[in-house]
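**Student:** Counted from 1, the first sequence has number 723 at position 724 by numbering that gives the first Met the number 0; the numbering is strictly sequential.
Treat the hints with care, since some could be wrong.
What the hints assert, rightly or not - Okay, derived cross-link-like pairs now, DSBU-like style, lysine-lysine, Cα gap no bigger than 35 Å in a straight line: (1) 128 x 167; (2) 492 x 164; (3) 467 x 235; (4) 350 x 235; (5) 635 x 138; (6) 141 x 128; (7) 717 x 128; (8) 512 x 702; (9) 767 x 897; (10) 141 x 635.
Think of the hints as simulated: they come from the structure by calculation, not from any bench. Remember, predicted model here, so these are calculated numbers, not experimental data.
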Amino acid sequence: MGDATGGGAQAPAPQTDKKKPAKNRYRSTLNLPSTGFGMKANLVQNEPQSLKRWQKLGLYQKLREMGPSQPNGRFVFHDGPPYANGSIHLGHLLNKCLKDFVVRTRQMAGYDCPYVPGWDCHGLPIEHKVMTELVESGKIDKLNGLEEDTRRLAIRRECEKYANKFQKLQTGQMQRLLTVADYDNPYLTMHHAYEGAVIETLAGMVAQGLVFRALKPVHWSIANETALAEAELEYKDREDPSVYVDFEAADAGAVYDAFGLGVNAEGAEGGEDAEEASGGGEEDSGSGSADSAFESGRPMQTPSFMIWTTTPWTLPANMGIAVHPRFVYALVRMDGNVTVVARELVEKVAKIGGAEDVEVLAEVTGDKLVGLRYRHAFVEELPRFREDVRETAPEKVWTVLSAEYVTLEDGTGLVHTATGHGADDFNTGLREGLPVYCPVLEDGRYDDTVPRWLQGVGVFDANPMVVKRLRESGHLFHHHEYSHSYPHDWRSKTPVIFRATEQWFIGVEKQTKRDGKSLREMAMRAVEAGGGSVRFVPEWGRNRMRGMLENRPDWCISRQRAWGLPIPAFFTADGEVLLTSASVRAVAQVFREEGSDAWFKNDASHLLKHYRVDQDPDVPASVASSLRDAIDSVTKSGDILDVWFESGSSWNAVMRERSKSEQHPEGEDFPVELYLEGSDQHRGWFQSSLLPGLAVTGSPPYKTVLTHGFMVDRDGQKLAKSKGHTIESLFEHHGADVLRWWVASLPYEGDMKVDEEFFRLAGESYRKIRNTLRFMLSNVESKDSGTASASTPAPTSLDALVLGELDMLRERVVGAYLSYNFREAHGRLYDFCNDTLSSVYLAAIKDRLYCDASGNARRAQAEHTLSVLVDGLCKLLAPILCHTSDEAYRALLQVDQKDAETCIHLLAFNGETGVTPDEGWARVMEARDQALLALERIKESGLDNPLDAMLVLPDPDGTLGRFALEDLADLCGVSLVTLEAGDEGVRVEDLRERHPRCERSWKRGPDVRERSDGGMLSDRDAAAVGVQ
RNA sequence: GGGCGUGUAGCUCAGUUGGUUAGAGCGCGCCCCUGAUAAGGGCGAGGUCGCAGGUUCGAGUCCCGCCAUGCCCA
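Work out the full structure, taking the sequences as your base and the hints as a guide.
**Tutor:** What follows is the structure, given as structure tokens:
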């Protein structure tokens, strides 16, 4: 076994080996395949060499030089910037391969396809990591001693180093993936010119009147003391106290009136009267605990409104209680307390609280409760609300409100509303005029507007304190620990809170100055079906985008961090704001010249050196005078921009910018042809690009949005990051071409299962392609085909058949490529190699390749066809198997190893071969199928080698008669074929007794006989050997 | 809880506007070849189309509900 090849020198040669030469006495007269194109790919060693060769060639640059002469013009794909953090993973692998497929297929289809790769460099993930390292190395204390701007500059220096490091690492990995892009000249969001262009984009939005500052609850990370974008949250399970709290009615009579209970039911409207009545009622309830006590048909107790919350710490900020206007609410007595709960939830609530004695006293719809007042459970007096830009109605605090979002899923059907701590709450408060009250500071501790016992306490520490307090004061109906999905800061993994803060926003409902349409209107129009200008692949991406645009809130673009682009706003000593289109542009110019570090190094007079306040029509007069009189008193904003705004400006910072520098007419590359990212980017980059694009230019930044799904494990579950295959190990075990071949096979629209075994399977599939190429190469390279030159093959020749199939393949594969259906292309290429080539054509022509004499026209024709096939197939494979296709192509042309100039990636897909196969081929292949079945069946009778058989094929309409019988025999793998006019079905005849077997070709036939050299040979083989 | 997807042989996937017996590759089984040989070829067995209803002469395909799962959001 193992020593059959290696041990030959020592061990005596086995007898069987000695016999071989006799059996193969004509072997040396054959034209057997041989090639330097190895069966083993050695991708791990050889791919880096291809990469070097392409770099020496300057492949990307060469392609750009060819650009202007491409027949189909420009096709601009715009790369979404991955975050410059960590190693690339399977998601990047998928994403980058798909992008590379797009660019390479378009390029080879005759388009000019620049591909500028980008990296997202600013932002919290890097800053967080850097801060962590600074803490671990102990350098943080030194930093914290610095003045704020200096401190930030120091952090930013570290962040920049970090981003550069990973941008380089990822570049190397992407190159190792064999993607072709302008890696020498990428865009980084921290480049000065990029920064300037982002701020100019912001200026465009300011000019449209879309940017404003407001108090608004945002997701707030206590750990990082910053507002977070939706994209910076992750939802994890968390245990919180679930509390059911009774808020006593301020006016018991009014509540009983609302429920139609007792004497005053008719005249329930009398507010003044009711208030007095309630005063008495409360005192009564304090002393009398008899649950049967009624007075005039009403309970003696003061009724309560029962709310449910899992964030007791927000209770100090309670501003109202929301009910659904159409739900039915019950006035219910539970173990002596009288309270209000949604009717449908009475039983559930009673059970949870363990109430034994439950009695519904009355029912009424929610709208009847609206306007009733209540008393806060532990806050005695309203705090003094800070003055606000919004008009508020503090007198409405602590009343029952109406809200449609109230559900009966959980809780009591009455919703605790804290305008400073929830989005729904905020919106309700906005509608009702409630103040936005947020007594929580940046570090998560209460300020001094809350009751004394809570002041300075952290909110999560406050939870048990609040619960305890409520229990002691008798307001707590029930409390238990509750596990639920809760948003966490994706970096620090700590729970976030909703906290109202002053932030910068881009308003999606605000009217643009251009035509009065809001961003939401413009966006919805851009992505609407039919008239919308944006195409979605797959089409359902449109609905997904629309759904998100329909209800997306205003875009909070400010962050309280160091590693990012400053929001170029200034404040006068009076607290007035300077943020006009012209002032922003002026700062943008400074950033272009000096980078955004300039913000932290300089004061207003330098940052505004390009600003002409007298020429700015938008600046408020008082701000203008402050600037003129005392520019030194003007302070800089401490906020930075949401990184999504930076990447969302890339259409401006990269595509328009480059159009200018490459001296294309302005705007030629805008909007770009294609954005291609994971489906999570419907809310991310697709939107963060769409909104600024629309605001600034009036049109969407892209014509087509293509999305792909995500990798899941073999059971369809979310991929655990920890057990992820590292890119390095994938390269090491499989090679880039195999990985690319695998990506091409994926139905990327949905979830894709990934498993080590799938890479192995892709490797096997790859090997079949490689072997097919190898076999063809091994038969064209021999080049002893003499002088016979190939002509256009006859329509009935095997060559016409296969070349016709090649044309069809090319049409379908290129069609699939251009419609981004790489999977279909992959499948068709694979099937072509296995079926059309390996099983049919290559099997059929072996005899003529091996046995026909050198110079034989039939053989020369086949050899020529092989070169056409390799050439055409390599080009079709090139966008996917970029190493292997180039390797095979170079083998075909027998290019010297040192030659870097010859490269398949500089070429285009071929045109048609010009060959038209005979229409009868379909009938031939049908006959072949039947013949193979017949041959299979005859095996049972002992005739199991098809070369021992003759086929009698029925040919009722004479179609088969047009074809060479030898070709038909080769196609079916038999020695002889005859035709008969009838329609009896295929017959198989045994030739073993009838004709001897040719020792050279192994075929049986009537012309096989003993020749002058003593061998049994057919006429063809005798002539080839040169014997009589 | 909401929006958008996905669920078809053991595995990975095709299944056009509803219409014969639901296809392919891999794997598996049997066989051939040993001049593509750590290759190549032939044949075959595998499916209650996630579950449950409905529309229809007819449903993998259309409608409703449920279950599982992915992304995004609450």
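**Student:** Could you run down the list of hints and mark each one as holding or not?
**Tutor:** Checked hints:
no.	hint	verdict
1	128 x 167	18 Å, holds
2	492 x 164	25 Å, holds
3	467 x 235	27 Å, holds
4	350 x 235	28 Å, holds
5	635 x 138	27 Å, holds
6	141 x 128	18 Å, holds
7	717 x 128	25 Å, holds
8	512 x 702	24 Å, holds
9	767 x 897	28 Å, holds
10	141 x 635	24 Å, holds
Against the hints set out earlier in the document, no violation occurs for any number.
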